[in-house]
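With the hints as constraints, model all of the structure from the sequences given.
Throughout, our numbering is defined as the position within the sequence shown, counted from one, plus 159.
These aren't lab readings, by the way, just hints derived from the structure by calculation.
Please read all numbers here as calculations on a predicted model, not as lab measurements.
Backbone N, C-alpha and C define an ideal beta-carbon position, used for all residues, glycine too.
Be careful, since some hints might not be right.
Unchecked claim - So the derived label-pair ranges between C-beta atoms look like this:
| # | residue 1 | residue 2 | range |
| --- | --- | --- | --- |
| 1 | Pro274 | Pro191 | 18 to 26 Å |
| 2 | Ala210 | Glu185 | 31 to 39 Å |
| 3 | Lys279 | Asp211 | 19 to 27 Å |
| 4 | Glu277 | Lys238 | 14 to 22 Å |
| 5 | Arg225 | Lys278 | 14 to 22 Å |
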Amino acid sequence: MKKTLLAVALLFSAAWLLTAFVTPQEQKKGAPWDVPANYKAMKNPNKAGDADAIALGKTAYAKHCRSCHGNTGLGDGPKAKNLETFPGDFSSAKFQAYGDGDLYYMSFVGRDEMPNYEKKIPDEEERWAIISYIRSLKK
Numbered sequence: 160m161k162k163t164l165l166a167v168a169l170l171f172s173a174a175w176l177l178t179a180f181v182t183p184q185e186q187k188k189g190a191p192w193d194v195p196a197n198y199k200a201m202k203n204p205n206k207a208g209d210a211d212a213i214a215l216g217k218t219a220y221a222k223h224c225r226s227c228h229g230n231t232g233l234g235d236g237p238k239a240k241n242l243e244t245f246p247g248d249f250s251s252a253k254f255q256a257y258g259d260g261d262l263y264y265m266s267f268v269g270r271d272e273m274p275n276y277e278k279k280i281p282d283e284e285e286r287w288a289i290i291s292y293i294r295s296l297k298k
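In structure tokens:
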């Protein structure tokens, strides 16, 4: 009995050591987004830096987005490591260069591993507040 318990303990220890020191496979980068023209033309109704919109957006982001995109939008949320595709770095200049409508489409219509949030976040004010918050994450 003691030998069996020792063998099981050694097996679990070996498995833990292997997973602790093996680096995960690097995530692929997503393909370019094909955003329809009607979304590209959209503009955020909130003024840049609107503190109330950013506060509302931060709360909604924490509820709906943080688990994959991380606290500060670096793509390092707890669920991100389980994705095949890197969720993106919202603070990067490349990401921040997207238009408001592009961000809206990517955030709420989604594709592939990015789920559709149109039913989960039906309120337009809340959606645009999330975009305002994402805009506040730039470097």
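Outcome of the hint check:
1. Pro274 / Pro191: 18 to 26 Å: Holds, since proline 274 and proline 191 (Cβ atoms, about 19 Å apart) stay within the stated range.
2. Ala210 / Glu185: 31 to 39 Å: With a Cβ separation near 38 Å, alanine 210 and glutamate 185 satisfy 31 to 39 Å, so the hint holds.
3. Lys279 / Asp211: 19 to 27 Å: Cβ of lysine 279 to Cβ of aspartate 211: about 22 Å, so the range 19 to 27 Å holds.
4. Glu277 / Lys238: 14 to 22 Å: holds (20 Å)
5. Arg225 / Lys278: 14 to 22 Å: Taking Cβ atoms as reference, arginine 225 and lysine 278 lie about 19 Å apart, which means the hint holds.
Checked against the numbered hints above, the structure breaks none of them.
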